[in-house]
Amino acid sequence: MIKIKNIEKTYIKASVLTPVLCGITLSIQRGEYVAIMGTSGTGKSTLMNIIGCLDKPTSGQLELDGIDVYKLDDDTPSSLRNNKIGFVFQQFFLLERTTALDNVLLPFIYADKYPADAIQRAKKTLANVGLEDRTEYLANELSGGQQQRVAIARALINDPDVILADEPTGNLDSTSTAEILEIFNRLNKEGRTIVVVTHDRAVAEHAQRILELKDGLITENGTNPNTENSDIH
Amino acid sequence: MKITKTIALSYKILTAHKLRTALCISSMTIGVAAVVVMVSMGRGAQKRVLDMIHDMGTNLIVVNAGHVTLVGGRERQSAIVTSLRPEDADAILDHCTSVIEVAPETSRKMNVEWESENLMTEIVGISPAAFRIRNIEIKTGSNFDSIENDTGKRVAIVGSVIVEKLFNGENPVGYRIRIGNAPFDVVGVMKAKGVDANGVDRDDRVLIPIKTAMLRLVRTTFIQKIHIQVADSEQLERAETEIRDLLRERHRLRDKPDDFTIQNQATLVQTERESARILTLLIGSVAAISLIVGGIGILAVMLTASRERRREIGLRRAIGARRRDIRTQFLLESLIIACLGGFSGTVLGILSNFLASKLGGWTALQSWDVTGAGLALSAIIGLIFGIYPASKASKLEPIEALRTE
Ligand SMILES: Nc1ncnc2c1ncn2[C@@H]1O[C@H](COP(=O)(O)OP(=O)(O)O)[C@@H](O)[C@H]1O
Ligand SMILES: [Mg+2]
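Respectively, the protein sequence lines represent chains W and F.
The first sequence runs contiguously to residue 691 in my numbering.
The second sequence runs contiguously to residue 1378 in my numbering.
I should point out that these hints are in silico values taken from the structure, not numbers from a laboratory.
In this text the structure is predicted, and so the values were computed from the model without any measurement.
Be careful, since some hints might not be right.
Below, computed lysine-lysine pairings styled on DSBU-like, alpha-carbon distance capped at 35 Å [as the list claims (entries may be wrong)]:
| id | chain 1 | residue 1 | chain 2 | residue 2 |
| --- | --- | --- | --- | --- |
| 1 | W | LYS571 | W | LYS471 |
| 2 | W | LYS471 | F | LYS1365 |
| 3 | W | LYS582 | F | LYS978 |
| 4 | F | LYS985 | W | LYS581 |
| 5 | F | LYS1365 | W | LYS529 |
| 6 | F | LYS1365 | W | LYS542 |
| 7 | F | LYS1331 | F | LYS1112 |
| 8 | F | LYS978 | W | LYS529 |
| 9 | F | LYS1365 | W | LYS571 |
| 10 | F | LYS1166 | W | LYS542 |
| 11 | F | LYS1331 | F | LYS1166 |
| 12 | W | LYS581 | F | LYS978 |
| 13 | W | LYS647 | W | LYS542 |
| 14 | F | LYS1184 | F | LYS1138 |
| 15 | W | LYS571 | F | LYS985 |
| 16 | F | LYS978 | W | LYS514 |
| 17 | W | LYS514 | F | LYS1365 |
| 18 | F | LYS978 | F | LYS1020 |
| 19 | W | LYS463 | F | LYS1368 |
| 20 | W | LYS571 | W | LYS461 |
| 21 | W | LYS529 | W | LYS514 |
| 22 | W | LYS581 | F | LYS991 |
| 23 | F | LYS978 | F | LYS1368 |
| 24 | F | LYS1365 | F | LYS978 |
| 25 | W | LYS529 | W | LYS463 |
| 26 | W | LYS571 | F | LYS991 |
| 27 | W | LYS582 | F | LYS991 |
| 28 | W | LYS672 | W | LYS542 |
| 29 | W | LYS542 | F | LYS985 |
| 30 | W | LYS471 | F | LYS1368 |
| 31 | W | LYS542 | W | LYS582 |
| 32 | F | LYS1368 | W | LYS581 |
| 33 | W | LYS571 | W | LYS529 |
| 34 | F | LYS1368 | W | LYS461 |
| 35 | W | LYS542 | F | LYS978 |
| 36 | F | LYS1365 | F | LYS1138 |
One chain only, chain W, in its complex shape (with noise of 0.2 Å):
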């Protein structure tokens, strides 16, 4: 499903370099629950944006689903993003001022195809996550923990085949970081692949893989023993 090689990347500021990731290989499977462990500033995000289409390496290669994401031509990464992952971010990005309904279509705008039963499917889709009745609220009147379920609800409505969480729930407080695991664990039981980054080693233990990211290289610590769905693949 994401298989990478050799992946680096260096940040060049001020003509200062930064080397963060030093050759990563690394592949999911469909279906894989995976964490990606570090401490803060190793490079998990740079990472996950990789993997997500959002960033580019500085060499290696990346395979979603078959495609090789940087042979091709600039509206490719778009289009991947678009139906193939679905992103949910620490600060949870939601529009203000637009209703959680607004913000689970959004996808849908720069889908190839508008579907003609896109609200019904978006409503659905907020029932997923527990919010069937704040379908009108606008972002900024909801919880933390509510507008983190209206991105997870977004990240969902093109059905993709990865959910890359980047520190879903370091904004939240427990009862919301519960919440939003229990979705997570049930998403994954439906079958969906969800590949989660956090400094946290309580959030990555729902996981049933975890890798620690440690001087820009990854270390596979196997299959995480505390997880009853270990045997799903």
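Given chain W's structure and the hints, the job is docking chain F with the ligands onto it.
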């Protein structure tokens, strides 16, 4: 990207930022309103010049006795000059081939009496040809003919101001008035002409046959003016030369300067035409500036927006927007603002034109092509000033946009 969905989205975003949108639309509104009002005023000024030419009569040359100087843009005839005579007019008609009609004129301010009312007004002695040459139209009654002129009949045609002031608005045709001490019969009323370029009210006068004036009122052998009609406008120059040569010879001037002044219509309307042209130019540039100001408003707002909305742009890119989708969206927002501004500006402009001509007495010639052009122009302004912020927004790298605090 679905264009209708994007328009709906842009609309939602614009309504979400009401103050910003309102400011932007109003700057555009004022720009477009200025264009509509100013262009209409420019057209009004030009129309006034054309009306003036029409009022004056076409292909006209005026010979004035003595020197006519412009004082504060208005004609002033120097003192009383005795050099011009009715025979000069006849000679011009006879000898100048390009001249088709002549109308000598003499005038003097005199007292006019009717019953117990009396007033001072300009008594103008004209020949019947003047009615044709100078487009003098009769509203009621009739004008006088050359027989009445030649026999020195005491008939008078009055202007509308006289009708109001002397006759209290009654139809004076058939009434007998006294000019100086001589009785005159009112035979007609002139159609109102208004104030001329020299600030003279052309309705505050009484017309009488020139022969009558010279024989019975002013009792002189000289006249003040000759109005001359030339066959066509191409011959104005030549006619002027012919007339000058003829008059110099008749007045035996040899090496003395002219004792008359010749003005042709081209020079008469030239100042007016020039000022109308300058007005239009000035108006055009002010209008253009106000439109550009409106455009810069859009530019500023959209640039601020693209800075403020970096995270939104990043998010949109993250969920699949291509660079050109971002560009289209920003451009559409500018366009919507500009068009709304253009529309309300047009309405405001039309309203102002209406008020200006109703209350201020300005001549604002409202025309639909200007209105259409105003609308089209605002759309173009929206595009021009929207392109830069839009392309700037689209060039933003998605992760950088998302990283914005
Ligand atoms: N645009 C950038 N320019 C320069 N350095 C950057 C840039 N983005 C990230 N970095 C650096 O790369 C490192 C990894 O960043 P990041 O991927 O955000 O880490 P994490 O998500 O693990 O906290 C950090 O040291 C950060 O300072
Ligand atoms: Mg991070």
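Going down the list of hints, with the structure as the test:
Restraint check for LYS571(W) and LYS471(W): not satisfied, since their Cα atoms lie roughly 40 Å apart, outside the 35 Å limit. With a C-alpha separation of about 21 Å, the suggested pairing of LYS471(W) with LYS1365(F) holds against the 35 Å cut-off. Among the hinted pairs, LYS582(W) with LYS978(F) is consistent with the structure: their alpha-carbon atoms are about 20 Å apart, no more than 35 Å. Note on LYS985(F) and LYS581(W): the hinted pairing holds, with a Cα-Cα distance of about 19 Å set against a maximum of 35 Å.
Taking the CA atoms of LYS1365(F) and LYS529(W), the gap is near 26 Å; set against the 35 Å cutoff, the hint holds. Of the pairs offered as hints, the one joining LYS1365(F) and LYS542(W) holds, with about 27 Å between alpha carbons and a cut-off of 35 Å not exceeded. A C-alpha spacing of about 26 Å is found between LYS1331(F) and LYS1112(F), which places the hinted pair at or below 35 Å, so the restraint holds. Under the criterion of a C-alpha separation no larger than 35 Å, the hint pairing LYS978(F) with LYS529(W) is consistent with the structure, at around 31 Å.
Pair hint LYS1365(F) plus LYS571(W) holds up; C-alpha atoms about 27 Å apart against a cutoff of 35 Å. A threshold of 35 Å between alpha carbons decides the hint, and for LYS1166(F) with LYS542(W) the separation of about 80 Å lies outside it, so the pair is violated. Taking the CA atoms of LYS1331(F) and LYS1166(F), the gap is about 20 Å. The hint holds against a cut of 35 Å. For the hint linking LYS581(W) to LYS978(F), the alpha-carbon distance of about 18 Å falls within 35 Å, and the restraint holds.
Between LYS647(W) and LYS542(W) the alpha-carbon distance is near 19 Å, which keeps this suggested pair within the 35 Å criterion. For the hint linking LYS1184(F) to LYS1138(F), the alpha-carbon distance of about 27 Å falls within 35 Å, and the restraint holds. With a C-alpha separation of about 21 Å, the suggested pair LYS571(W) and LYS985(F) falls inside the 35 Å cut-off, and the hint holds. Simply put, LYS978(F) and LYS514(W) have alpha-carbon atoms about 30 Å apart, close enough for the 35 Å limit, and the pair holds.
Proposed proximity of LYS514(W) and LYS1365(F) is supported: the alpha carbons are some 20 Å apart, at most 35 Å. A C-alpha spacing of about 48 Å is found between LYS978(F) and LYS1020(F), which places the hinted pair above 35 Å, so the restraint is violated. For the given pair, LYS463(W) sits about 28 Å from LYS1368(F) by alpha-carbon distance, which is consistent with the 35 Å threshold. Restraint check for LYS571(W) and LYS461(W): satisfied, since their Cα atoms lie roughly 28 Å apart, inside the 35 Å limit.
As the CA atoms of LYS529(W) and LYS514(W) are separated by approximately 12 Å, the hinted pair is consistent with the 35 Å bound. Of the pairs offered as hints, the one joining LYS581(W) and LYS991(F) holds, with about 28 Å between alpha carbons and a cut-off of 35 Å not exceeded. Restraint check for LYS978(F) and LYS1368(F): satisfied, since their Cα atoms lie roughly 22 Å apart, inside the 35 Å limit. Among the hinted pairs, LYS1365(F) with LYS978(F) is consistent with the structure: their alpha-carbon atoms are about 22 Å apart, no more than 35 Å.
Restraint check for LYS529(W) and LYS463(W): the C-alpha separation of about 14 Å stays at or below 35 Å, so the hint holds. Distance hint between LYS571(W) and LYS991(F) is fulfilled; the C-alpha atoms sit about 31 Å from each other, no more than 35 Å. For the proposed pair LYS582(W) and LYS991(F), the alpha carbon gap of about 31 Å is at most 35 Å, so the pair holds. A threshold of 35 Å between alpha carbons decides the hint, and for LYS672(W) with LYS542(W) the separation of about 28 Å falls inside it, so the pair holds.
A distance of roughly 27 Å separates the Cα atoms of LYS542(W) and LYS985(F); the hinted pair therefore holds under the 35 Å criterion. Our distance criterion of 35 Å between C-alpha atoms is met by LYS471(W) and LYS1368(F), whose separation comes to about 19 Å. Of the supplied pair hints, the one linking LYS542(W) and LYS582(W) holds, its CA atoms being roughly 19 Å apart against a limit of 35 Å. Between LYS1368(F) and LYS581(W), the direct Cα distance comes to roughly 33 Å. Compliance with the 35 Å bound is thereby established for this hinted pair.
With a CA separation close to 25 Å, the supplied pair LYS571(W) and LYS529(W) stays within the 35 Å bound. Between LYS1368(F) and LYS461(W), the direct Cα distance comes to roughly 29 Å. Compliance with the 35 Å bound is thereby established for this hinted pair. At most 35 Å may separate the alpha-carbon atoms for a hinted pair to count; LYS542(W) and LYS978(F) meet this at roughly 22 Å. Simply put, LYS1365(F) and LYS1138(F) have alpha-carbon atoms about 71 Å apart, too far for the 35 Å limit, and the pair is violated.
The structure fails hints 1, 10, 18, 36 (numbered hints given earlier, in ascending order).
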